[in-house]
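A.B. asks: Construct all of the structure, not just a fragment, from the sequences and the given hints.
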Amino acid sequence: MTNSAKPRVVVLGANFAGLGAAQKIREYCGDTVDITMIDRKSYLLFIPNLPAVVFENEDPALHLRMDIFETVSGTNINFIKAEILGLDVERKEVSFQPNERVGTETVGMRYDYLVIAVGARLAYDRIEGFGEYGDTVSDIYHSNRLRNYLFSDQYQGGPIAIGSARFHQGNGAEGLEPYPGGSIPYAEAACEGPPLEGMLSMATWLKNHGRGGPDKITVFTPGKVIAEDAGLKVVHQLLDVASNMGFHYMNETQDIKRITREGIEFTSGKSIEAELKIIFPDWVAVDFLRGLPISDNMGFVITDLLMRNPKYPEVFACGDAAAVTVPKLGAIGHQECAIVGKQIAKDLGRLQAQDADQPLQPVTYCIGDMGNNQAFYIRSNSWFGGPEQVLKIGHIPYLLKMQYKNLFFKGKGIMPEWGLDFSQLVAEKIFA
1 MTNSAKPRVV VLGANFAGLG AAQKIREYCG DTVDITMIDR KSYLLFIPNL PAVVFENEDP
61 ALHLRMDIFE TVSGTNINFI KAEILGLDVE RKEVSFQPNE RVGTETVGMR YDYLVIAVGA
121 RLAYDRIEGF GEYGDTVSDI YHSNRLRNYL FSDQYQGGPI AIGSARFHQG NGAEGLEPYP
181 GGSIPYAEAA CEGPPLEGML SMATWLKNHG RGGPDKITVF TPGKVIAEDA GLKVVHQLLD
241 VASNMGFHYM NETQDIKRIT REGIEFTSGK SIEAELKIIF PDWVAVDFLR GLPISDNMGF
301 VITDLLMRNP KYPEVFACGD AAAVTVPKLG AIGHQECAIV GKQIAKDLGR LQAQDADQPL
361 QPVTYCIGDM GNNQAFYIRS NSWFGGPEQV LKIGHIPYLL KMQYKNLFFK GKGIMPEWGL
421 DFSQLVAEKI FA
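Residue numbers for the sequence shown follow full-length UniProt numbering, beginning at 1 and rising by one.
Read the hints as simulated data drawn from the structure, not as lab findings.
Do not take every clue at face value.
[To be verified] Computed cross-link-like contacts, DSSO-like style, restricted to lysine-lysine with a CA-CA straight-line distance of at most 27 Å:
1) Lys257 - Lys224
2) Lys311 - Lys412
3) Lys311 - Lys270
4) Lys311 - Lys257
5) Lys410 - Lys41
6) Lys92 - Lys81
7) Lys405 - Lys392
8) Lys392 - Lys92
9) Lys207 - Lys392
10) Lys412 - Lys6
11) Lys392 - Lys233
12) Lys81 - Lys392
13) Lys81 - Lys410
14) Lys405 - Lys224
15) Lys346 - Lys405
16) Lys92 - Lys346
17) Lys41 - Lys412
18) Lys6 - Lys405
19) Lys41 - Lys405
20) Lys6 - Lys346
[Said to hold, decoys possible] Simulated restraints on C-beta separations:
21) Asp287 - Arg91: 11 to 21 Å
22) Gly86 - Ser243: 19 to 29 Å
23) Glu90 - His63: 36 to 46 Å
24) Gly349 - Glu93: 17 to 27 Å
25) Glu56 - Gln156: 37 to 47 Å
26) Asn208 - Glu428: 43 to 53 Å
27) Asp304 - Gly30: 35 to 45 Å
Keep in mind the model is a prediction, meaning the values are calculated, not measured.
For every residue, glycine included, the Cβ atom is placed at its ideal position computed from N, Cα and C.
C.D. replies: Here is the structure:
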């Protein structure tokens, strides 16, 4: 044990998974542990709502940031703003460099429990031509660049392509069975809710600004079908809707070869002509995780369905850094945070095994903005071996999406336990 009088829990990352894990550990463990959270930035960006603010010409820096220091104030969770440099799982030590000022020293911190929630690196730098000719909505800089392109009359009214580069998934979830007879499948794209949301919102923007409609937009995927994690029934419903609206669709592109001024070339030999190219990249593991004995062949952290590493049971992972998180979806990370909190509480005698040992059963849960105060709602577990596939479209899913964001900020990241159940009831039963 560390020199601390209480077990020390170090949480790497402070976005959705990191903050969520720290809060769940505090909830289930009470004051029996010391919690330190480390991240290179001191704010949480509410990424799910980036497309919505972009197409409303709003700056996400002003509307979607939540200060971490303020968020954890009064919770007895210590936050350190620092660059994480390395991890020694044998010594149980994390090394980091505080980054408020250039030239600070390297610091080592020992832990009793470690939660890795650093997310993934978005590999735009691996796409030839992206910097010159690509756009996206994954962060403040790129969202504002796209927003300025659309609202400052730079867009010339040409064709638009929206889709994903190929995801290179590791082997860290092989053999896991979240549902009877199911598995954690291999995904061709890291998460395809954003391309679906982007194409529908883009079409609404074109119509509202007198620039055309869905027939200008091609959505593409490296896979056989887009958004395969939503289940084939839901996917076919979505594709029927999109086809009837006039969208173009290209599948099995394999990967993006290069982006040019004229369009996108794919490794499959296919290509799309496009003025505007909105791209979602490969998601790769952060550098310091690669080659560690806790990581798979691509650098994602290996866990069981209780989010523990099998060789180092004091090490947990949740969110996009975990090999089992496929697709890279916030709702799955939310499930994982609760599991982590319960597992540590069980170790400390705060929970019984029957209450804590409830393994991950991932659910693809996605609400995507479509513009004009409408959204689509997806809840499905069929890809993993479960029985459910649900799709709803209309004003109610939009209201749920916006209200979730409001509740998240008001509760400083702590969502009511009834939140997802209430959303399911409203979207699927009351307003079905």
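A.B. asks: Each of the hints needs a verdict: does it hold here or not?
C.D. replies: Each hint tested on the structure:
Of the supplied pair hints, the one linking Lys257 and Lys224 holds, its CA atoms being roughly 18 Å apart against a limit of 27 Å. As the CA atoms of Lys311 and Lys412 are separated by approximately 34 Å, the hinted pair breaks the 27 Å bound. Pair hint Lys311 plus Lys270 does not hold up; C-alpha atoms about 44 Å apart against a cutoff of 27 Å. Restraint check for Lys311 and Lys257: the C-alpha separation of about 38 Å exceeds 27 Å, so the hint is violated.
Of the supplied pair hints, the one linking Lys410 and Lys41 holds, its CA atoms being roughly 21 Å apart against a limit of 27 Å. For the hint linking Lys92 to Lys81, the alpha-carbon distance of about 20 Å falls within 27 Å, and the restraint holds. About 19 Å separates the Cα atoms of Lys405 and Lys392, which keeps this hinted pair within 27 Å; it holds. Of the supplied pair hints, the one linking Lys392 and Lys92 is violated, its CA atoms being roughly 46 Å apart against a limit of 27 Å.
As the CA atoms of Lys207 and Lys392 are separated by approximately 22 Å, the hinted pair is consistent with the 27 Å bound. For the suggested pair Lys412 and Lys6, the alpha carbons sit about 25 Å apart, so the restraint of at most 27 Å is met. The suggested pairing of Lys392 with Lys233 holds, with an alpha-carbon distance near 12 Å, which does not exceed 27 Å. Distance restraint check for Lys81 and Lys392: the Cα-Cα separation of roughly 41 Å exceeds the 27 Å cut-off, and the hinted pair is therefore not satisfied.
Simply put, Lys81 and Lys410 have alpha-carbon atoms about 23 Å apart, close enough for the 27 Å limit, and the pair holds. With a C-alpha separation of about 33 Å, the suggested pair Lys405 and Lys224 falls outside the 27 Å cut-off, and the hint is violated. At most 27 Å may separate the alpha-carbon atoms for a hinted pair to count; Lys346 and Lys405 exceed this at roughly 31 Å. At roughly 20 Å between alpha-carbon atoms, Lys92 and Lys346 fall within 27 Å of each other, so this suggested pair holds.
For the hint pairing Lys41 with Lys412, the CA-to-CA distance comes to about 17 Å; that is within 27 Å, so the pair holds. Only pairs whose Cα atoms come within 27 Å are accepted, and Lys6 paired with Lys405 is rejected, the gap being roughly 34 Å. Between Lys41 and Lys405 the alpha-carbon distance is near 20 Å, which keeps this suggested pair within the 27 Å criterion. Restraint check for Lys6 and Lys346: the C-alpha separation of about 15 Å stays at or below 27 Å, so the hint holds.
Look at Asp287 against Arg91: about 19 Å separates their beta carbons, and that is inside 11 to 21 Å. Gly86 and Ser243 have their C-beta atoms about 50 Å apart, which leaves the hinted 19 to 29 Å range violated. Distance hint for Glu90 and His63: a CB-CB separation of about 44 Å, consistent with the stated range 36 to 46 Å. Checked against the hint of 17 to 27 Å, the C-beta distance between Gly349 and Glu93 comes to roughly 26 Å, which is consistent with it.
The hinted range of 37 to 47 Å is not satisfied by Glu56 and Gln156, whose Cβ atoms lie roughly 22 Å apart. Checked against the hint of 43 to 53 Å, the pair Asn208 and Glu428 fails, with Cβ atoms roughly 29 Å apart. At roughly 25 Å, the beta-carbon separation of Asp304 and Gly30 lies outside the given 35 to 45 Å, and the hint is violated.
The structure fails to meet hints 2, 3, 4, 8, 12, 14, 15, 18, 22, 25, 26 and 27 from the earlier list, while all remaining hints are met.
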